[in-house]
Amino acid sequence: MASSGVAVVTGGGSGIGRAAGVALVAAGFGVVFAGRTEATLAESVALARSVPAQSAPARSASARASDAPPASDEASYAVLDVTDRGAVDGLFDGVVAAHGRVDLLVNSAGIFGAANPVAGTTDDDWDAAIAVNVTGSFAAARAAFRVMSAQEPRGGRIVNLGSVSAQVPRPHATPYTVSKHAITGLTRSLALEGRDLGIAVGQLDVGNAATAMTRGLQVGALQPDGSRRAEPAFDVGHVADTVVFLARLPLSVNVPFMTVMATAMPLLGRG
23 MASSGVAVVT
33 GGGSGIGRAA
43 GVALVAAGFG
53 VVFAGRTEAT
63 LAESVALARS
73 VPAQSAPARS
83 ASARASDAPP
93 ASDEASYAVL
103 DVTDRGAVDG
113 LFDGVVAAHG
123 RVDLLVNSAG
133 IFGAANPVAG
143 TTDDDWDAAI
153 AVNVTGSFAA
163 ARAAFRVMSA
173 QEPRGGRIVN
183 LGSVSAQVPR
193 PHATPYTVSK
203 HAITGLTRSL
213 ALEGRDLGIA
223 VGQLDVGNAA
233 TAMTRGLQVG
243 ALQPDGSRRA
253 EPAFDVGHVA
263 DTVVFLARLP
273 LSVNVPFMTV
283 MATAMPLLGR
293 G
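Using the numbering used here, the first residue of the sequence shown is number 23, and each one after it goes up by one.
Beta-carbon label-pair distances, calculated as ranges:
1. Ala286 to Ala136: 25 to 33 Å
2. Phe279 to Ser171: 16 to 24 Å
3. Asp263 to Ala286: 16 to 24 Å
4. Val275 to Pro193: 31 to 39 Å
5. Glu215 to Met280: 15 to 23 Å
6. Arg176 to Val277: 17 to 25 Å
7. Leu214 to Ala75: 29 to 37 Å
8. Ala136 to Leu219: 34 to 42 Å
These are calculated hints, taken from the structure and not from any lab test.
Quick caveat, the model's predicted, so the values are computed rather than measured.
Beta carbons are placed, not taken as given, at the ideal position from N, Cα and C, and that holds for glycine.
Work out the full structure, taking the sequences as your base and the hints as a guide.
Here is the structure:
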């Protein structure tokens, strides 16, 4: 029985989304893993159900809307494309119908796309990055706002997954870099509007967590000087632990921006 609240995790079939969702289930959240591929979502749910529950630290009654009814199942999944705004709205309607409320949204769905110089970037490259990374995140946040502002007790938390590329660009990654800068703007706007609604919104910028999306960077990543070199990575579980930390904060506390990255990652002098 979930005791910490009900969470929706987009991009839940792999990478950071899967790791975060599994960690949230272990922390006592009921989690709906959302994504495009049923087989990988089912794997995420099976993994989440196999992980022993963790003991949560003691929290005050104001830490979360803890009077909410618990999720009837700790882990479930929903198949959808976040670029389909109607499907995203339907996802949240379904979660409310099944569990009564939504306490947490982890906006993790995202793509890196093809690595091309600006002149070689196609319309499809650009459109795909903006559609998934920006429009998909907005659609999920909008649906979460609609639910969180109307439920009783009111409020909730949104964690947008950003990137160190929102701070310093990576060569040949213009669509991705622009999309992650847009996530920063989205986070700031949501946090401003959410503070009077009891909705805390923050952004977690991640640098080189070891996932399928970053596997190529560990082999040889293009550097600003034109050279290629392997970049260090770190266990994605540390990102998941950070998401759980944020999720457990009382709604009276917000962490607007946080960065988690490999210690030796060439970020600070990259630009």
